[in-house]
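Going by my numbering, the letters in the sequence shown line up with residues 276 to 654, in that order.
Be aware that a few hints might be false.
Said to hold, decoys possible - The calculated lysine to any residue pairs, modelled on SDA-like cross-linking and capped at a C-alpha distance of 20 angstroms, are:
#1 493 x 475
#2 493 x 537
#3 345 x 366
#4 345 x 398
Said to hold, decoys possible - Between beta-carbon pairs, the in silico distance windows are:
#5 570 x 493: 18 to 26 angstroms
#6 491 x 342: 15 to 23 angstroms
#7 352 x 605: 29 to 37 angstroms
#8 325 x 487: 41 to 49 angstroms
No lab work stands behind these hints, which were simulated from the structure alone.
Yeah, the Cβ is synthetic: ideal placement off N, Cα and C, and Gly gets one too.
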Amino acid sequence: MRALPDPDTSRAVLVGVSRYTELEPLPAVANNLPALARTLTGPASWNLSAGHCTVVAEPDTPRDMLDPVKEAAEATSDTLLVYFAGHGLLDGRGELFFGLPRSVQGHSYTGVTYQALREIITGCAARRLVIILDCCMSGRALGLMGGEELLADQAEIDGSYLLAAAPENGRALAPPGETHTAFTGALLDVLQHGIPGRPRELDLNAVYHHLRGELTAKGRPTPQKRDRNTAGRLVLARNQAYHPATAPAGQVEDGPDPADCHTPLAFLEALAEMRALTGLTIHAISQRADPPLAPATVSRLLNATTLPTTWKTTGRYLTACGLGPDQLRAWQSAWQRLRAQEPARPGAPGPDAEPPRTRSWRDRLPRRDEGPWRRYRET
């Protein structure tokens, strides 16, 4: 289910570098930080207290940047958000590091490596982790060591979400004359003004897909994301463009994306969320199915702890929730992908095994080397 972070046990650390001695200045970054802090501490977003949203402007040394992150990580038990805006640079091995005011391209010791940041957050006790990188080459953070080891996997936090302003080898954009950088400006617009036609609350996935569409349409760098399990359903803001009663009961304006379900548990939680979004009872869902499902069948599906072994009931349930053919195909594809990833169950018959009932009566027949068969051959 979608969930807002607990403001009492959540923290945000916003880091920005706009002034450089060896690199091009990024004046818009200086405007990003206070605007984002106002949003995260306001009722439209997480409503954090000022003490729970730390702004780190122009950190001169790695410790100036990382110490506040470490302090916030140690104090967080719900959600930790870390944001960086500035120059993203590559060292001699092609790995990402964050530019500090005196950083030099190619020399990671003059900045903060992504690895150093990751080591701090890996040990974090937070249930959910959000990292937002508005810098060039930020897509490098999506995959380390050739793209196979992902932040969310290495951190081993089920609620990890990484949002990057640019592809792996792409440059983030700071348009001349604009108040904010391209990516953060679009992000602030979503958080402050909402998305028409979307639900009351905007989760990370909804924000990401909107940003991707908006920025790509303007010819600006395309954002990237990487998440683990249900992290994408973490609410980032209340939708300021939401208008209630825009859809009748039983029709879903926006639901979980099955492509973001990377485990059976995430898939099952998404199924339950679909019913909640319709506003219908289990009994009503059962009657809307074609043919109708028993309420107990729907209840078992929504309370299951393992992936359904067949698609038929799940498909009828989702159809009753108001999903169309294209959406159903996406859900079925996710189900098939997860089924293919499941290990074989102990004792389960192979695809060529005879049905159990057939084996049972054949097992009762005497073998050819015993009983009547043996006596017949000896005569």
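- prompt: Does the structure break any of the earlier hints, and which numbers would those be?
  reply: 1, 2, 3, 5, 6, 8
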